[in-house]
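Undergrad: Here's the letter readout for the chains.
Number of protein chains: 4
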Amino acid sequence: MTRSTDRSMNVAGPMGATTWAIAEGYIPSGSTGPEPAMTSHETACLLNTGDADAHVEFTVYFSDRDPIGPYPVIVPARRTVHVRFNDLEDPVPIPLDTDFASVIRSDVPIVVQHTRLDSRQAENALLSTVAYPISGGS
Amino acid sequence: MTRSTDRSMNVAGPMGATTWAIAEGYIPSGSTGPEPAMTSHETACLLNTGDADAHVEFTVYFSDRDPIGPYPVIVPARRTVHVRFNDLEDPVPIPLDTDFASVIRSDVPIVVQHTRLDSRQAENALLSTVAYPISGGS
Amino acid sequence: MTRSTDRSMNVAGPMGATTWAIAEGYIPSGSTGPEPAMTSHETACLLNTGDADAHVEFTVYFSDRDPIGPYPVIVPARRTVHVRFNDLEDPVPIPLDTDFASVIRSDVPIVVQHTRLDSRQAENALLSTVAYPISGGS
Amino acid sequence: MTRSTDRSMNVAGPMGATTWAIAEGYIPSGSTGPEPAMTSHETACLLNTGDADAHVEFTVYFSDRDPIGPYPVIVPARRTVHVRFNDLEDPVPIPLDTDFASVIRSDVPIVVQHTRLDSRQAENALLSTVAYPISGGS
Chain A
1 MTRSTDRSMN
11 VAGPMGATTW
21 AIAEGYIPSG
31 STGPEPAMTS
41 HETACLLNTG
51 DADAHVEFTV
61 YFSDRDPIGP
71 YPVIVPARRT
81 VHVRFNDLED
91 PVPIPLDTDF
101 ASVIRSDVPI
111 VVQHTRLDSR
121 QAENALLSTV
131 AYPISGGS
Chain B
1001 MTRSTDRSMN
1011 VAGPMGATTW
1021 AIAEGYIPSG
1031 STGPEPAMTS
1041 HETACLLNTG
1051 DADAHVEFTV
1061 YFSDRDPIGP
1071 YPVIVPARRT
1081 VHVRFNDLED
1091 PVPIPLDTDF
1101 ASVIRSDVPI
1111 VVQHTRLDSR
1121 QAENALLSTV
1131 AYPISGGS
Chain C
2001 MTRSTDRSMN
2011 VAGPMGATTW
2021 AIAEGYIPSG
2031 STGPEPAMTS
2041 HETACLLNTG
2051 DADAHVEFTV
2061 YFSDRDPIGP
2071 YPVIVPARRT
2081 VHVRFNDLED
2091 PVPIPLDTDF
2101 ASVIRSDVPI
2111 VVQHTRLDSR
2121 QAENALLSTV
2131 AYPISGGS
Chain D
3001 MTRSTDRSMN
3011 VAGPMGATTW
3021 AIAEGYIPSG
3031 STGPEPAMTS
3041 HETACLLNTG
3051 DADAHVEFTV
3061 YFSDRDPIGP
3071 YPVIVPARRT
3081 VHVRFNDLED
3091 PVPIPLDTDF
3101 ASVIRSDVPI
3111 VVQHTRLDSR
3121 QAENALLSTV
3131 AYPISGGS
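Chains as they are written, first to last, in my numbering: chain A, 1 to 138; chain B, 1001 to 1138; chain C, 2001 to 2138; chain D, 3001 to 3138.
Just chain A, with the same shape it has in the complex:
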C-alpha cells in the first residue's frame, strides 16, 4: 500500500476552484432511523487534492435576515472532509426547517459537492449535485 500511496500523491496537485455556491439548503428537524447515519442532514463534501492544507470559510444566506458566518473548516492536504451543516455551530448553529444557501471560499483550489439525506418520512431520500464553481477554477 506504500507504493500505491506514493504514486497517487505524486500525480496529484491542487484541483477545482476557490469559491463555490450552493443555492439550496434546508435541514429538516425530523428524522427516522438510527442516529447518526440516518439523521436528516445537509452535507458539503470538500476534496483537497493539493499538498497544502485548505482554509475554508462558509457563509450562510437566508431569505429574511443578514448572512451569517464565516464558519471556518480546515481540509488537510490530500484529504476529503464531508461537512454536515448540522454540525456548524460557531458563530451560531444553522436554524432547522429554514431555507438557506451557502458560499464556500478556500485559500487553495478544492472541489465541492452537495448532498442531502432526508429521513423525515420512513424511507430516506437523497439528493446530490456538484456545487457551482464561481472563480479560481484550475
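Don't take each hint at face value.
With the C-beta cut set under 8 Å, the calculated list includes, among others, these residues of chain D facing chain A [stated by the list, open to error]:
#, residue
1, A3023
2, Y3061
3, F3062
4, S3063
5, D3066
6, P3067
7, P3095
8, D3099
9, F3100
10, A3101
11, V3103
By construction, these hints were calculated from the structure, which means they are not laboratory data.
Think of the CB as a built atom: it goes at the ideal place given N, C-alpha and C, for glycine as much as any other residue.
Please arrange chains B, C and D on chain A, whose structure you already have, making use of the hints.
TA: Relative to chain A, chains B, C and D alone:
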C-alpha cells in the same frame, strides 16, 4: 453575531450568471404527508450574494403550447429565495401533471439550483441539480 | 396571456450547446404504481428556446456492443420535449436492465437535463442532473 | 442495424475531459432487496466516445489517511463502463461506511457521471450528478 455578519458582507459580491435554464419541470398533482412541507413541489433556489436587489423573470416552456411569462421574482441583496413553481400565479398558474421547462433571467448575477420533492407515493423522493448557466457568468 | 407570450418570445433566443453527453443510463424492467406516470423511466429533457426547430439525434453506447443510433427527435421552436428512453424504438428499442450511456446532438443549441424515475421498489426514487455540454455552448 | 451502427460511429469522436473529481463517496454496509441490482452501491459511469481505448486510473481520498490507488480501469473505444466502487479491489477494497472522494484520470477524454443507490432502508434512494471536470476538456 454583528461581527460575523459584517465580515461576511464585506467579502461577498455578485456571483453567478444572469441567465439560467432548467430543462426539467413537472408538478405532480398528488401529495402524501403534512402540508406544506410535504406537498409535492418543484423549486428553483435563487441566491443573490451581491449588494443590489436582483430583479428576476421566469419564462416557462411547454411541449404543446407557446411559452408563458414573465413571472417576476425579486431576490433582495444578500438573500436567498426558494421559489416554488406551484406558487407562481401571475400571469397564470403553471398546470399540474404537465411537462415544462424554464428560463430564469436576472439583471444581476445570481446562482440557481433546481430541486423537486415528489410525494405522490408514501415516501418522498428528492432530486436536485445546479441549473445550466447560459450567460453573464462571473 | 397574449401579452405575456409575446414578451417572453421576444427576449428569448437559442440557448445551450449542440452536443451533450449522459454517461449514466439504465432502464429497470420492473415497476410499481399506476402506469404510465409511475413506470420506471429514464428521461432526457430537451429545451429549445430558439425560433428554429431543433433536429436532434441520440446515439446510445453500451459496455459490450457497438453503439446504436441515431434516434431522431424534433424539438419545435420555443418548446420542451421530455424524451423517455423507453419510447425510443427506431432503429431498435433500448434493452432493459442494461447499462448504457448516450450522446445527444442538435443542429441548434438546446439545453439537456437527465432524470430517472425508479419504481422497482414500493416507493419511487428520482435522480436528475444537467447533462454534460460538449461543444457549441452559447 | 449495421447501417445505424456505422453512422453513429462516423459522427463520434473523443468527448469530455481527462481529469474528473467526485467529492462525495460513501458505500453503506447494509442493503435491502435482491442482489446484485439492489445492493447499495456507489457508481462512476464512464463514457468513451472515441476510437482509442481509455486507460483510466482512480485515486481515492479519505478524511483520516493517505489516498490510495491507482485503481486501473479500461474503457474500450465507443463503450461505456459503469464502475461500482464496491468492485474496486486492487490495491485494496474501499472500506464501507467511510467517507471518501475520488479523482479519475484518463489518457483520452471521457465523460464521468456519479450515481449512488442506497438501499439501507426498505426503499432505495438514488442520487446522481455529473462529476466535476478538471482539465483536458474538449
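Undergrad: Now tell me, hint by hint, if it's right for this structure.
TA: Hints, one by one, checked against the model:
no., hint, in the structure
1, A3023, "holds, 4 Å"
2, Y3061, "holds, 5 Å"
3, F3062, "holds, 7 Å"
4, S3063, "holds, 6 Å"
5, D3066, "holds, 4 Å"
6, P3067, "holds, 5 Å"
7, P3095, "violated, 13 Å"
8, D3099, "holds, 4 Å"
9, F3100, "holds, 6 Å"
10, A3101, "holds, 4 Å"
11, V3103, "holds, 6 Å"
The earlier numbered hint that this structure contradicts is number 7, and it is the only one.
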